[in-house]
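Sequences listed follow chains A and B, in order.
Our numbering applies: residue 4 is where the first sequence begins, and numbers increase by one.
Our numbering applies: residue 4 is where the second sequence begins, and numbers increase by one.
Hints may contain errors.
Since the list gives no way to pick out one identical chain from another, each pair is judged satisfied if it fits inside one copy or across any two copies.
To be verified - Dumping the calculated DSSO-like pairs for lysine-lysine here, alpha-carbon to alpha-carbon at most 27 Å:
hint, residue 1, residue 2
1, 174, 109
2, 235, 108
3, 174, 108
4, 235, 109
5, 235, 35
6, 35, 108
7, 235, 174
8, 35, 174
The set of hints was computed from the structure by calculation and includes no laboratory data.
There are 2 protein chains.
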Amino acid sequence: MEFQIVQAFFMLGFVAMAAGALWFFMERNDLKPELRPVATYATVIAFVAAILYYVMKDVVQFPLGEIGVEAIRNTVELRYIDWLITTPLLLIEFGIIVALAGAAKKGLITRIVIADLIMIVTGYLGETSEPGAPGTVVLFVISSLAWFYIIYEIFRIDISNGPAHAQRAVKIMRLFVVIGWAIYPIATAIEQFLQIGGADIALAVSIAACIYVVADVVNKVGFGIVAIQAAKVSSGIHE
Amino acid sequence: MEFQIVQAFFMLGFVAMAAGALWFFMERNDLKPELRPVATYATVIAFVAAILYYVMKDVVQFPLGEIGVEAIRNTVELRYIDWLITTPLLLIEFGIIVALAGAAKKGLITRIVIADLIMIVTGYLGETSEPGAPGTVVLFVISSLAWFYIIYEIFRIDISNGPAHAQRAVKIMRLFVVIGWAIYPIATAIEQFLQIGGADIALAVSIAACIYVVADVVNKVGFGIVAIQAAKVSSGIHE
Ligand SMILES: CC1=C(/C=C/C(C)=C/C=C/C(C)=C/C=O)C(C)(C)CCC1
Ligand SMILES: CC1=C(/C=C/C(C)=C/C=C/C(C)=C/C=O)C(C)(C)CCC1
């Protein structure tokens with residue numbers, strides 16, 4: 004059963020997200036009432052991912068099914084449902100920390116959330132159309148431009164007047180959006196190139212699936228921990 | 004498998020409602036005890052919808068079933084069970100915000116809830132009888148008149164003496180009832196006309212199903228966010 008490890012990774016994703024959701028839920032009440040939304044967002048994001056990983060592990064028939072690469076491919080819809088809901092929420096969560104750093108700017112979050120939705124929808128359309136076709140390439144280019152726009156906007160924010168801990172949090176969270184988020188287009192690109200080249204892609208799809216799980220945990224749970232840490236300091240709790 | 008996206012939309016509806024329910028549940032305790040019912044209603048509404056979407060996604064055999072348009076049609080009962088329970092609760096939730104705006108009027112909520120029940124019951128009877136038959140048309144007309152009555156009543160409310168944030172919330176929530184709710188009769192009307200015209204309606208039913216999901220999320224989760232936001236400000240929490 005060569006897909007055993009990939010199947011187990013989906014289970015890992017499920018427990019990691021469930022653990023994250025419970026964690027953020029418990030920490031929530033220690034924050035000042037005005038800052039609790041940080042934990043609300045983090046909890047909801049991990050909870051949504053937990054539900055979707057729960058279904059994905061069934062789709063790949065964890066723990067006992069014998070599957071082929073098709074089963075892993077069938078998780079694509081679930082992954083995009085996750086991203087459609089959670090990536091806007093991640094950006095809104097980021098917006099609260101930006102406000103904490105004294106740099107809230109009218110319309111910024113709205114603009115990057117719209118770009119984010121464009122990124123996800125065009126990414127999905129690209130991923131489900133013919134590999135290498137001109138239309139597919141155009142869709143991926145639009146998706147990537149939308150992501151670059153988000154990066155451009157969040158690096159333009161002037162946080163130099165905020166409290167040190169909030170500045171630090173914003174800087175770390177920016178890196179998540181650049182480096183942590185980059186994992187997804189890179190994995191998708193590699194998969195697409197292998198498909199166009201006619202390679203046996205079972206291995207590539209499997210490796211990509213495992214990488215997505217790790218990236219998801221980092222970008223949701225890791226991101227949430229950084230945000231809540233900053234909210235804690237602002238709430239007068241020093242760890 | 005051409006119905007893949009429609010099937011995925013039902014899953015999307017499920018997670019979105021589950022996320023909304025958890026969200027409102029968490030925010031509830033931050034409100035003043037007198038205002039917590041706003042969050043109670045919002046939570047219960049999203050929770051009921053989550054349960055029904057959970058079943059609907061099974062009815063359309065998400066994630067792996069091969070279905071025809073019939074499967075999507077089989078969600079009609081579930082949709083109306085949802086509406087029968089949640090639309091009265093939405094109007095009661097609205098009533099609390101109206102009271103916050105200092106415009107509670109005896110009997111108003113009772114009257115619009117009764118109109119709402121008439122709207123849903125006649126709508127269901129119309130939807131399940133022969134397309135284009137005179138009786139069907141009469142049922143849809145009664146259903147629509149009931150909705151117009153609700154709109155008439157909620158626009159007659161004089162909120163001019165309430166606090167600004169509550170006035171704003173009432174104004175936004177009115178728009179949900181006019182524009183957000185209009186999506187349902189419009190989608191139903193289009194579906195009926197296509198059926199009468201003998202068109203191949205698989206596509207129309209599919210598109211309508213997706214639109215219903217988006218409308219439901221907006222009208223339940225979006226509506227709840229506006230209401231809770233107003234209740235938060237009234238509770239002295241400024242974000
Ligand atoms: C640019 C680009 C993409 C970007 C995806 C991203 C950036 C996803 C982020 C997901 C996150 C952060 C998940 C939650 O934890 C796609 C859609 C793969 C398609 C190819 C182009
Ligand atoms: C007027 C009219 C209708 C109205 C339906 C409405 C207004 C439904 C609202 C549902 C909501 C708000 C759901 C919860 O989120 C029907 C029954 C389609 C039948 C045709 C006439």
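Against the structure, the hints:
{"no.": "1", "hint": "174 <-> 109", "in the structure": "both (20 Å within a copy, 22 Å between copies)"}
{"no.": "2", "hint": "235 <-> 108", "in the structure": "both (23 Å within a copy, 22 Å between copies)"}
{"no.": "3", "hint": "174 <-> 108", "in the structure": "both (17 Å within a copy, 25 Å between copies)"}
{"no.": "4", "hint": "235 <-> 109", "in the structure": "both (25 Å within a copy, 21 Å between copies)"}
{"no.": "5", "hint": "235 <-> 35", "in the structure": "both (8 Å within a copy, 14 Å between copies)"}
{"no.": "6", "hint": "35 <-> 108", "in the structure": "within (22 Å within a copy, 29 Å between copies)"}
{"no.": "7", "hint": "235 <-> 174", "in the structure": "within (17 Å within a copy, 30 Å between copies)"}
{"no.": "8", "hint": "35 <-> 174", "in the structure": "within (22 Å within a copy, 30 Å between copies)"}
Every hint from the earlier list agrees with this structure, and none is contradicted.
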